[in-house]
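Colleague: Please take these sequences and the hints and turn them into a complete structure.
Sequential numbering of the sequence shown, starting at 319, is according to the numbering used here.
These are calculated hints, taken from the structure and not from any lab test.
Beta carbons: idealized from backbone N, C-alpha and C, even for Gly.
There are no misleading hints in this set.
With a Cα cut of at most 16 Å, we get these calculated EDC-like pairs of lysine to aspartate or glutamate:
no., residue 1, residue 2
1, Lys371, Glu435
2, Lys375, Glu432
3, Lys401, Glu435
4, Lys374, Glu432
5, Lys384, Asp418
6, Lys371, Glu432
7, Lys395, Glu432
8, Lys381, Glu432
9, Lys375, Glu436
10, Lys371, Glu436
11, Lys384, Glu394
12, Lys401, Glu436
13, Lys374, Glu435
14, Lys414, Glu432
15, Lys401, Glu432
16, Lys375, Glu435
17, Lys381, Glu394
18, Lys374, Glu436
Label-pair restraints from in silico Cβ distances:
no., residue 1, residue 2, range
19, Val393, Lys371, 27 to 35 Å
20, Ile422, Val335, 53 to 61 Å
21, His420, Gln353, 39 to 47 Å
22, Lys395, His420, 17 to 25 Å
23, Pro388, Lys357, 42 to 50 Å
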Amino acid sequence: MVHPECDIASAQTCNFVVNLDEQHQFLHDEIIQAQSCYKIQADKHWNPAPPFKVGKKVFLSSKHIKTTHPTAKFVEKFLGPFKIIAQLGSHSSTLKLPSDLHAIHPVFHVSQLEPVEENNTLNLYSISLTHTCTNLNKCEREQGI
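Modeller: Following this line, the structure appears as structure tokens:
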């Protein structure tokens with residue numbers, strides 16, 4: 319408790335150091351207790367990551383994908399389905415993306431993925447492309463082209 323080169327230590331200094339150490343330990347214990355209370359409350363809203371397996375198909379959220387569509391309101395909510403080609407961890411997967419999405423990094427967090435139901439055969443990625451073509455043909459017919 320006393321500096322090794324100075325042997326002079328008053329009783330008041332020793333009491334101050336002991337008090338400071340006790341306060342430090344008390345605050346440390348209080349912080350640990352508060353953290354455990356916060357963890358209990360946070361764990362009430364926690365769900366485990368869905369078990370995505372290599373080879374399964376998933377839909378990809380289009381929320382963070384930039385498109386050339388003039389308004390984000392009418393963009394498809396999910397793209398895909400895309401095949402999982404690698405599982406990098408419990409919370410990230412690598413997808414096999416088509417060549418026109420080559421600029422997008424193929425690793426995604428599980429929060430961006432939705433599992434494909436076995437009976438669901440919709441292909442949302444191709445629907446958006448054919449929907450655009452259908453609208454063009456409709457416009458051409460209305461204008462008499």
